[in-house]
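Given the coordinates of chain A, assemble chain B onto it according to the supplied hints.
2 protein chains.
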Amino acid sequence: MSPVLPPRVIAFDGDDTLWHNETLFSMTQERFRAILRSHLSLDLADLDARLLATERKNLAVYGYGIKGFVLSMVETAIEVTDGRTPASDITAILSVGRAMLEHPVELIEGAREVLESLRARDHELWLITKGDLFDQESKIARSGLEPLFDRIEIVSEKDEGTYRRLLDRHGISADEFAMVGNTLRSDVLPVINLGARAFHVPYQITWAHEHVEGDLPDGALVLDALTELPVRLQAMGLSRSVRHDQP
Amino acid sequence: MSPVLPPRVIAFDGDDTLWHNETLFSMTQERFRAILRSHLSLDLADLDARLLATERKNLAVYGYGIKGFVLSMVETAIEVTDGRTPASDITAILSVGRAMLEHPVELIEGAREVLESLRARDHELWLITKGDLFDQESKIARSGLEPLFDRIEIVSEKDEGTYRRLLDRHGISADEFAMVGNTLRSDVLPVINLGARAFHVPYQITWAHEHVEGDLPDGALVLDALTELPVRLQAMGLSRSVRHDQP
Numbered sequence: 007m008s009p010v011l012p013p014r015v016i017a018f019d020g021d022d023t024l025w026h027n028e029t030l031f032s033m034t035q036e037r038f039r040a041i042l043r044s045h046l047s048l049d050l051a052d053l054d055a056r057l058l059a060t061e062r063k064n065l066a067v068y069g070y071g072i073k074g075f076v077l078s079m080v081e082t083a084i085e086v087t088d089g090r091t092p093a094s095d096i097t098a099i100l101s102v103g104r105a106m107l108e109h110p111v112e113l114i115e116g117a118r119e120v121l122e123s124l125r126a127r128d129h130e131l132w133l134i135t136k137g138d139l140f141d142q143e144s145k146i147a148r149s150g151l152e153p154l155f156d157r158i159e160i161v162s163e164k165d166e167g168t169y170r171r172l173l174d175r176h177g178i179s180a181d182e183f184a185m186v187g188n189t190l191r192s193d194v195l196p197v198i199n200l201g202a203r204a205f206h207v208p209y210q211i212t213w214a215h216e217h218v219e220g221d222l223p224d225g226a227l228v229l230d231a232l233t234e235l236p237v238r239l240q241a242m243g244l245s246r247s248v249r250h251d252q253p
Numbered sequence: 007m008s009p010v011l012p013p014r015v016i017a018f019d020g021d022d023t024l025w026h027n028e029t030l031f032s033m034t035q036e037r038f039r040a041i042l043r044s045h046l047s048l049d050l051a052d053l054d055a056r057l058l059a060t061e062r063k064n065l066a067v068y069g070y071g072i073k074g075f076v077l078s079m080v081e082t083a084i085e086v087t088d089g090r091t092p093a094s095d096i097t098a099i100l101s102v103g104r105a106m107l108e109h110p111v112e113l114i115e116g117a118r119e120v121l122e123s124l125r126a127r128d129h130e131l132w133l134i135t136k137g138d139l140f141d142q143e144s145k146i147a148r149s150g151l152e153p154l155f156d157r158i159e160i161v162s163e164k165d166e167g168t169y170r171r172l173l174d175r176h177g178i179s180a181d182e183f184a185m186v187g188n189t190l191r192s193d194v195l196p197v198i199n200l201g202a203r204a205f206h207v208p209y210q211i212t213w214a215h216e217h218v219e220g221d222l223p224d225g226a227l228v229l230d231a232l233t234e235l236p237v238r239l240q241a242m243g244l245s246r247s248v249r250h251d252q253p
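Protein chains in written order, with our numbering: chain A, 7 to 253; chain B, 7 to 253.
Just so you know, these hints were derived from the structure itself, not from any lab.
For identical chains, the list gives no copy identity; a pair is met inside one copy or between any two copies.
Here are the simulated lysine to aspartate or glutamate pairs, EDC-like style, with alpha carbons at most 20 Å apart: (1) Lys63 to Glu108; (2) Lys63 to Glu143; (3) Lys63 to Glu85; (4) Lys63 to Glu163; (5) Lys63 to Asp52; (6) Lys63 to Asp88.
Pulled out of the complex, with its shape left as it was, chain A reads as follows (with noise of 0.2 Å):
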């Protein structure tokens, strides 16, 4: 007859949950189109597939991030043209590169204010995010919301394995921690399978790589923006701090 609590520890994904990335990587993905295009006679379609191909090709040897991503982008222009490509596209891709390490970090709507919320009502926030430690370091720097985590963990991969390690690691049993992010197939399923709870707030666009099919597994909540959460949370039985209150 336990009733449902709220999670005491909630974490939060990184990229496309509190801050935009999927788009910065799109509209390099344009630019890397009309770099290509004078000296292609593949189609466009043709050629997001081939890069895509690149990419999870290469995931084995450089992991996730930009760095990796500019790579994949040279070696993808270089076989599309059979070798034709002149020095000039290669330092226009480089450069693409380097603007997107550099881009500004845009905050989703509403994240600082979520988060400001969850701390007044006593959660501990963590935030559990995936790829290139310096990238990420950087941008967790520049989206000024360092200070509001207790945690901050920047790991390889999003697994089962992960999160367990994280949650032994830190004394969390499953059902005091939940997981806020974008992505099913990293945030969502994994957290799940560890009887832990999660929250799939959907982003505008997905990584064809993240992306899986099949329904919302029991157990996990889909939000329709996170500026949701903090309701959704309370809903869950009272709040901490209410709990806090009455003794």
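Chain B in isolation, oriented as in the chain A frame:
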């Protein structure tokens, strides 16, 4: 009158302290020269200097690691040839980069035995390594040394702030802590500045960026080889296991 005791926590650098790394960069740089040799009027020392300058310029955007190094090689190749690099040379650079990422991890002589002997003496062992998260995790796994460490930290920079955060987070005081590594800049000086101890084990080559001039600071000891570490630690006082036996 407190006697000098051996530090309880011994932290190791990874690259060029436990496994060879700089030799791999040197080997790759050799290949880079060979790729460019045919279209280059520059002499090789100038080429090395241009590459280093590009790497340094890019550190603030790319951080440390092989992927950033590969991007810097591509950029340098295009620059030093005034844009005349053929795409086949860029492909060759990408493939030497990939070879670096897939290169077997070769341990420094005696690395495993040193770690095992310190564990047997109840030291807590940490690995604190800098660079690309994905590549470092892969190297740690391939090194076979992972099970010997109580704690593994992959960081983007090894400065005083980083070491202070790690010690604070795990409740370790400076006099309980010693760092073992090959670079004065990242492994020795920041640690000594915190009041902890450091063992400098120079490697046969130091990356120019990590090179610092000057004497070894007080509190740092230099070792000719990693294998000297157990004896030097013991010489600091009674070994921990002896202290355990004689309460």
